[in-house]
Amino acid sequence: MTDAPASSAIREAVSQRLAKRHRAEKRFRAYGVGAIALAVIFLAILLGSIGFQSLGAFTMNTLTLPVTINERQADPRGDGTEESLRRGNYNAIIQDGLRAQFPSVDDRAELRDLFGLYNGVNSASLMRKVVANPSLVGGTTDFTLPLSDDVDLYLKGITVSERFAGRQGALDVVVSDQTVRLESAEPAFADFLTVMRDELIRRADEAAANASRLESAAGAAATRDEREALLSQSRRQAALSVSLRERAEAQGDVVLGTDTPALFLQAEGGVIQVRSVSRDGRIAVGETLLPLQAEGPITAWTEWAVETPSNARRISDRRMVYARALEDRDMVRSGFNTILFTNADSRAPELAGVLGAMIGSILTMLVTMVLAVPIGVGTAIYLEEFAPKNRLTNFIEVNINNLAAVPSIVFGLLGLAIFINLFGLPRSAPLVGGMVLALMTLPTVIISSRAALRAVPPSIREAALGVGASRTQAVFHHVLPLAMPGILTGSIIGLAQALGETAPLLMIGMVAFIADPPTLGLSGFLEPSTVMPVQIYLWSGAAERAFEMRTAAAIITLLSLMIMFNAAAIYLRRRFERRW
Amino acid sequence: MADDTNTSANGRTVYHANRHAHPVKVAAAGVDVSYGDKQALHGVTLDIPDRAVTAFIGPSGCGKSTFLRCINRMNDTIETARVSGSITIDGEEVNDRGVDPVILRARVGMVFQKPNPFPKSIYDNVAYGPRIHGLSNSRDELDSIVENSLKKAGLWAEVSDRLHTPGTALSGGQQQRLVIARAIAVNPEVILMDEPCSALDPIATAKIEELIDELRENYCLIIVTHSMAQAARVSQMTAFFHLGHLVEYGPTEEIFTNPTDRRTQDYITGRFG
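The listed protein sequences derive, respectively, from chains V and Z. Counting from 1038, one number per residue, gives the positions in the first sequence under my numbering. Counting from 198, one number per residue, gives the positions in the second sequence under my numbering.
In short, the hints are calculated from the structure, not lab data.
Here are the simulated lysine-lysine pairs, DSS-like style, with alpha carbons at most 30 angstroms apart:
1. V:Lys1426 <-> Z:Lys235
2. Z:Lys404 <-> Z:Lys311
3. Z:Lys235 <-> Z:Lys311
4. Z:Lys317 <-> Z:Lys348
5. V:Lys1426 <-> Z:Lys311
6. Z:Lys348 <-> Z:Lys311
Negatives, chain V to chain Z, calculated, CB over 10 angstroms:
7. Thr1099
8. Ser1249
9. Leu1440
10. Met1544
11. Leu1563
Derived DEER-like restraints, expressed as beta-carbon distance ranges:
12. V:Phe1432 <-> Z:Thr274: 20 to 28 angstroms
13. V:Pro1411 <-> Z:Ala366: 29 to 37 angstroms
14. V:Asn1431 <-> Z:Ala366: 36 to 44 angstroms
15. Z:Ser424 <-> V:Ser1052: 40 to 48 angstroms
16. V:Arg1058 <-> Z:Glu276: 43 to 51 angstroms
17. Z:Asp458 <-> V:Glu1614: 52 to 60 angstroms
18. V:Pro1411 <-> Z:Thr274: 22 to 30 angstroms
19. V:Leu1080 <-> Z:Ser424: 56 to 64 angstroms
20. V:Pro1495 <-> Z:Ala366: 17 to 25 angstroms
Glycine residues also receive a C-beta, built at the ideal position from the N, C-alpha and C atoms.
Take the sequences, apply the hints, and build the full model.
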């Protein structure tokens, strides 16, 4: 064994290298796990935030209002015909129903606040109800309508922060002309004063922080104008801070205004809004918003403090009071937001739904599927199994691959130029949208189908040819069934991509505001419509908070649709695999 | 023997099978095959007797499989392949434009190196050929074709109770016999086997060899093999190919005991290849 020392040296070198190799492997695995963990975390954050956002849109508050369908308003001609019923003033009927709930309300401003609880468009739904059942005329019926978005969001506790506290004690109520004076032996309003003071000081601190931030930003400003603008802003914030602090520490009565928290008192079925409170917390002066049912001193009341000042919320004081009063009378119900799935788009957020977009998406996807899948799979079969390999087929192949990389908006432009301008097909129609998306999807379907066909072992083709099958028989009896799972997967991926596509559809006018869902039938293919991703895009640009939530809800709906789509695909694929 | 041999155009010695009891089934004359620029076969001329097993032996890449695939025109499926020369079966030219490869392949069955049953049931595997060629008019007829084919392939006893289980679930040897049954089912005259045992264990190989010996009664069998022992065991005629040329062709005993060409001798004694 003359080479023993040499071989042990080799072994040592190998073992050293081996340790390095193991380390490299461990490192690589750690990278992989890290990448997956990161992806999962981001996905969870994304879905979590969208899901959280959408929660507010999946429930809604509806008002069930007893309305009297009087003949004068509902049936202006008095003959009970449909034509006459369709001329009725149903909004007035709803308004009368609301007024009946609040007999004390007669001021114009008050009425405006009251009628703002709902959107006038709802009168159409009452009209349909009456036209469908004319016997309602002359009687009283319960009519359920969604509350307007501001009220809805307020009742959900999303836009306004407030607190209710039950109180016991003795309050003297002195009513004089417009004002109400509440007096107590104890400091009954001390708690609210603390809330008020804390709020003022918090805002003073905030303004002071703003002022110093602006000042330091001014120091770093590039131009003189910019610096001076920032400095003046900073000075304004500092002055605001000082004034807020002064108000918090001031002696004398505390006056409640549009920039301070608001205080309401609920007692004996009525509501008093407090305008000022004495510093010792024993005397409050305010006005009656809803009349108290009993006179004289009150012993139990609810202190209702709204921390969000009225200039920082969209809902007025009075509308809040009306909404809460209706809620206390058990006329407001919170339930699943069916409107989201039974209505098409609307200018009023509480009446906006995704039904129109969903039907549009279904029709568009049908066209895409019918065009892209047979053409794509057929092309793949011909190119892979039958076409001679020459320059022409090579050229075609390269161009199919290139088409897969073309930005989708280019297909939209093509659709606009060819289908709409040249062929004269209608704009915004699912037919055109489906054709454009089919063009976009074709390369994906062809490429994945070809890959699936290529993956079928050649021995199967040889076996079929060997027993005397023609080439077509070999392909359709043996190769295609084996490639089917792969073809299905590719087609589904292509269609799912098309389902989520927005850009090309913008070009052919599917971005329009469509308040009526298209017919779910043959004629629907030519009716103007929009699709889910475009609806999301449209809503995401709307200013209302409620639309923001509906955007998230629509995203969740679209994601669920896609998951259903993919689940169906996986189920189909499993079935095909089991058969073979 | 000298009167049976003559010299072909390119000076090679060519043996004819006419001194055997069996008539000539497949006759090849001057077959050239090239894949693109590369010529794989050079002027192969030989006659293959009916109801006998003819073995093609030779080192890898010598063209024996290529020649085999010419007989049922499987080379048509390879785009770059060019075949010239004449191959006749019962005097009918195979390479004629008028000959439909589909009909030809029904006459000339083929068994491949790796068992390739369709991913379908055993029954459907065997019934596929008869179905596409319309060989049966009724369900019962098809059943009996399947049963007979499986019996001839010696597989019936093993699978008769599970005809509707997937053919791919059988063992390698059973799969290969299933493939043979599938080839038999369309009632071919010639069966080509391209190294049918190379993927099998010795026991399965023995079974296939036994089967080949039985099939000899009714069919013209042509088998490509790498195993000299197998060629010696199963074949009556042997052809030795080398570098695209047919070097020697004759009765198996003669090739193995008294080869005329030096290359044949070197190959069968294991000096190369």
